[in-house]
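Number of protein chains: 2
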Amino acid sequence: MKKVKIALLGLGTVGGGTYDILTKNRDIIMERTGVDYEITHIFEKYAEQLEKHGADLSLQTLDIDSIISQDSGVDIIVEALGGMDFPVQVMTRALKNGISVVTPNKAAVAANYDTLKKAADEGHAYLKFEAAVGGGIPILTPIQEQLSCNHFTDIMGILNGTTNYILTKMLKQGQSYEDALAGAKKNGFAEPDPTADVEGIDCANKLCLLMVLAMGRYVNPQQIPTKGITDVTMEDIQAAYNRGCVIKLIAHATLNEDGFNYYVKPEEIPLDHPLASVSNEFNAIYLDGDAVGELMFYGKGAGALPTGSAIVGDILAIMKALQ
Amino acid sequence: MKKVKIALLGLGTVGGGTYDILTKNRDIIMERTGVDYEITHIFEKYAEQLEKHGADLSLQTLDIDSIISQDSGVDIIVEALGGMDFPVQVMTRALKNGISVVTPNKAAVAANYDTLKKAADEGHAYLKFEAAVGGGIPILTPIQEQLSCNHFTDIMGILNGTTNYILTKMLKQGQSYEDALAGAKKNGFAEPDPTADVEGIDCANKLCLLMVLAMGRYVNPQQIPTKGITDVTMEDIQAAYNRGCVIKLIAHATLNEDGFNYYVKPEEIPLDHPLASVSNEFNAIYLDGDAVGELMFYGKGAGALPTGSAIVGDILAIMKALQ
Numbered sequence: 001m002k003k004v005k006i007a008l009l010g011l012g013t014v015g016g017g018t019y020d021i022l023t024k025n026r027d028i029i030m031e032r033t034g035v036d037y038e039i040t041h042i043f044e045k046y047a048e049q050l051e052k053h054g055a056d057l058s059l060q061t062l063d064i065d066s067i068i069s070q071d072s073g074v075d076i077i078v079e080a081l082g083g084m085d086f087p088v089q090v091m092t093r094a095l096k097n098g099i100s101v102v103t104p105n106k107a108a109v110a111a112n113y114d115t116l117k118k119a120a121d122e123g124h125a126y127l128k129f130e131a132a133v134g135g136g137i138p139i140l141t142p143i144q145e146q147l148s149c150n151h152f153t154d155i156m157g158i159l160n161g162t163t164n165y166i167l168t169k170m171l172k173q174g175q176s177y178e179d180a181l182a183g184a185k186k187n188g189f190a191e192p193d194p195t196a197d198v199e200g201i202d203c204a205n206k207l208c209l210l211m212v213l214a215m216g217r218y219v220n221p222q223q224i225p226t227k228g229i230t231d232v233t234m235e236d237i238q239a240a241y242n243r244g245c246v247i248k249l250i251a252h253a254t255l256n257e258d259g260f261n262y263y264v265k266p267e268e269i270p271l272d273h274p275l276a277s278v279s280n281e282f283n284a285i286y287l288d289g290d291a292v293g294e295l296m297f298y299g300k301g302a303g304a305l306p307t308g309s310a311i312v313g314d315i316l317a318i319m320k321a322l323q
Numbered sequence: 001m002k003k004v005k006i007a008l009l010g011l012g013t014v015g016g017g018t019y020d021i022l023t024k025n026r027d028i029i030m031e032r033t034g035v036d037y038e039i040t041h042i043f044e045k046y047a048e049q050l051e052k053h054g055a056d057l058s059l060q061t062l063d064i065d066s067i068i069s070q071d072s073g074v075d076i077i078v079e080a081l082g083g084m085d086f087p088v089q090v091m092t093r094a095l096k097n098g099i100s101v102v103t104p105n106k107a108a109v110a111a112n113y114d115t116l117k118k119a120a121d122e123g124h125a126y127l128k129f130e131a132a133v134g135g136g137i138p139i140l141t142p143i144q145e146q147l148s149c150n151h152f153t154d155i156m157g158i159l160n161g162t163t164n165y166i167l168t169k170m171l172k173q174g175q176s177y178e179d180a181l182a183g184a185k186k187n188g189f190a191e192p193d194p195t196a197d198v199e200g201i202d203c204a205n206k207l208c209l210l211m212v213l214a215m216g217r218y219v220n221p222q223q224i225p226t227k228g229i230t231d232v233t234m235e236d237i238q239a240a241y242n243r244g245c246v247i248k249l250i251a252h253a254t255l256n257e258d259g260f261n262y263y264v265k266p267e268e269i270p271l272d273h274p275l276a277s278v279s280n281e282f283n284a285i286y287l288d289g290d291a292v293g294e295l296m297f298y299g300k301g302a303g304a305l306p307t308g309s310a311i312v313g314d315i316l317a318i319m320k321a322l323q
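Here the protein sequences come in this chain order: A and B.
Per my numbering, residue 1 is the first one in the first sequence, and the count goes up by one each step.
Per my numbering, residue 1 is the first one in the second sequence, and the count goes up by one each step.
Hints may contain errors.
Pairs involving identical chains hold if they fit within one copy or between any two copies, as the list cannot separate such chains.
[Stated by the list, open to error] Lysine to any residue pairs mimicking SDA-like chemistry, simulated, CA-CA at most 25 Å apart:
1. K172 to D272
2. K186 to Y126
3. K265 to V232
4. K3 to L322
5. K172 to P270
6. K320 to G98
7. K96 to G188
8. K118 to V35
9. K320 to G34
10. K24 to L255
11. K5 to K117
12. K3 to K320
13. K3 to Q173
14. K5 to H151
15. K3 to Q144
16. K2 to L275
17. K118 to E31
18. K24 to F260
19. K186 to S58
20. K2 to E268
21. K24 to T153
22. K118 to S72
23. K96 to N112
24. K3 to T23
25. K169 to L271
26. K117 to Y177
27. K320 to D121
28. K3 to H124
29. K118 to I28
30. K172 to R243
Note that these hints are calculated values from the structure, not bench results.
Taking the hints into account, I'd like the entire structure generated from these sequences.
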């Protein structure tokens with residue numbers, strides 16, 4: 001059995017988590033999948049990042065061609081660079097050259113879905129992005145596999161940990177929007193520039209991916225009506241609560257006799273709905289399928305190890321398919 | 001591409017739901033998997049059952065050899081007969097003869113796990129039983145695939161819809177145990193003889209399957225300390241609620257520095273725990289993995305179509321593997 005060769009592009013939070021799982025949990029990965037693997041390249045500017053994770057410095061490279069050219073020998077790249085233009089270029093070239101791609105980069109995949117799918121088809125390579133929605137929660141793969149006999153009529157997601165943390169603190173501790181945002185930054189949930197989170201853009205990217213996989217309809221995330229949480233006031237939250245509801249930033253898509261509808265916006269969720277009790281930085285995806293009925297998947301939507309868990313899950317699926 | 005041949009054994013609630021999904025949702029199944037299939041045999045005593053689902057009466061047979069002998073041409077059987085001795089015999093023979101098996105029969109698989117696994121290995125066939133735990137909720141496959149890089153330290157499940165319905169009605173509507181059980185029977189959640197449900201036996205079978213797949217440890221269900229809900233009084237429920245808790249019938253396994261521990265019993269769950277809001281006939285499985293952290297999967301633990309969804313998911317996975 002061939003040893004699968006993996007290149008990590010970026011050894012920041014997510015790349016580092018992926019590296020740690022691949023090295024520390026090697027025992028159960030080998031035992032459960034029977035597939036052997038090695039990390040052959042780490043595309044990363046800062047040697048400190050490799051040192052931090054105990055990675056062999058000889059793996060460090062900034063020569064992208066040595067990784068994604070047709071004769072590189074690499075089977076799978078993990079694109080954890082972030083950003084848009086360079087990663088999309090790299091993923092497209094790799095896929096066309098027959099190298100499979102795993103990425104948590106929701107913005108890049110959502111905006112370039114067709115291009116990337118075509119490149120994957122052209123190169124007979126796999127493109128997987130389970131970590132792009134719901135972090136560690138297995139959702140995109142179950143939709144495409146175990147649940148693929150369902151027509152999905154309803155998708156509702158709490159898909160952004162930062163905004164859910166802020167709304168939870170405003171409701172439960174009476175914090176102002178500004179204090180809650182500061183707390184989210186302090187706890188590492190919010191980016192230094194939280195615009196994509198609080199304006200709902202991150203949710204729109206994730207909803208785009210859920211819709212195309214669960215409902216078979218691609219909508220460019222820029223075409224999804226999107227409203228964030230910056231206008232939500234303490235009075236709104238209190239008034240909703242008095243009506244037996246909590247306000248959550250909801251990514252919502254429905255496909256039924258009324259047609260295909262979708263948006264991202266703050267919405268009142270009745271307290272007895274399964275999404276109502278999803279608090280703090282947790283994410284959850286609620287689905288309704290014509291066979292399975294109501295389902296909800298709940299877990300950590302971000303963080304080094306949860307996101308790394310989903311990336312490694314994708315790597316393992318590709319490794320098995322490559323055997 | 002070869003047409004996969006499927007035999008349904010039993011066309012009761014679960015077999016009927018499976019038949020309906022395979023026929024009514026054929027469009028998306030074909031589109032998403034690219035695999036073609038046909039139902040070649042229905043092992044069922046009552047012709048009315050076939051008529052009820054619009055199945056071709058020429059498929060009806062009670063000749064088990066024509067289905068599970070080596071030269072039957074059948075690729076996959078769905079064992080939805082229920083019971084223990086006959087189904088185990090049939091599944092074992094089929095697997096040894098290279099015919100893959102999908103079953104929701106938790107009791108049969110839990111008690112005979114080694115025998116069935118060995119038969120599958122011997123015949124190079126697949127044995128899948130996603131529907132055996134949590135009905136339609138995808139849980140066993142995600143544990144073995146997308147989450148397989150995790151060491152699981154904690155599993156807590158609300159795995160039985162009947163008992164969860166009874167406890168919910170006792171708490172929320174002040175019904176007596178007897179009235180709530182009668183309501184569960186009336187609504188079709190409880191069996192005419194509810195012993196296996198209310199005594200926790202059904203939960204022990206399901207916990208056995210979760211433990212062997214998530215933690216790699218097989219424990220015969222009869223060796224799992226098991227207590228049902230028959231002794232839970234209204235006073236217990238009220239006292240727990242006054243302490244900020246709800247009583248749920250919990251199947252619990254932990255594997256950590258304190259060793260490997262497991263049981264089924266009524267347990268107090270704090271109201272802010274994700275399992276606390278799982279009400280009525282719904283099921284949920286809460287897991288903690290060293291990479292992914294806390295996860296919860298929620299949905300319908302029983303019923304024709306939810307259970308059928310999980311069975312069809314297993315059939316599709318086997319069909320793809322057989323190509």
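Comparing the hints with the structure gives:
1. K172 to D272: Intra 17 Å, inter 12 Å, cutoff 25 Å: intra and inter.
2. K186 to Y126: neither (37 Å within a copy, 49 Å between copies)
3. K265 to V232: within (10 Å within a copy, 43 Å between copies)
4. K3 to L322: both (10 Å within a copy, 24 Å between copies)
5. K172 to P270: both (16 Å within a copy, 17 Å between copies)
6. K320 to G98: Both: 16 Å inside a chain and 21 Å across chains, each within 25 Å.
7. K96 to G188: neither (36 Å within a copy, 54 Å between copies)
8. K118 to V35: between (28 Å within a copy, 21 Å between copies)
9. K320 to G34: both (9 Å within a copy, 19 Å between copies)
10. K24 to L255: between (43 Å within a copy, 18 Å between copies)
11. K5 to K117: This pair counts as within: shortest intra-copy Cα distance 22 Å, inter-copy 31 Å.
12. K3 to K320: Classified as both: same-chain Cα gap 11 Å, cross-chain 24 Å, threshold 25 Å.
13. K3 to Q173: The answer is neither: 52 Å in one copy and 59 Å across copies each exceed 25 Å.
14. K5 to H151: This pair counts as between: shortest inter-copy Cα distance 24 Å, intra-copy 37 Å.
15. K3 to Q144: Classified as between; 21 Å across copies, 27 Å inside a copy.
16. K2 to L275: Answer is neither; intra-copy 44 Å and inter-copy 43 Å both fail.
17. K118 to E31: between (34 Å within a copy, 18 Å between copies)
18. K24 to F260: Close across copies (21 Å), not inside one copy (45 Å); limit 25 Å.
19. K186 to S58: Neither: 35 Å inside a copy, 68 Å across copies.
20. K2 to E268: neither (52 Å within a copy, 50 Å between copies)
21. K24 to T153: between (40 Å within a copy, 16 Å between copies)
22. K118 to S72: within (21 Å within a copy, 41 Å between copies)
23. K96 to N112: within (15 Å within a copy, 47 Å between copies)
24. K3 to T23: Intra 15 Å, inter 41 Å, cutoff 25 Å: intra-copy only.
25. K169 to L271: both (17 Å within a copy, 18 Å between copies)
26. K117 to Y177: neither (40 Å within a copy, 55 Å between copies)
27. K320 to D121: both (18 Å within a copy, 18 Å between copies)
28. K3 to H124: both (19 Å within a copy, 24 Å between copies)
29. K118 to I28: between (34 Å within a copy, 21 Å between copies)
30. K172 to R243: Close inside one copy (16 Å) and across copies (19 Å); limit 25 Å.
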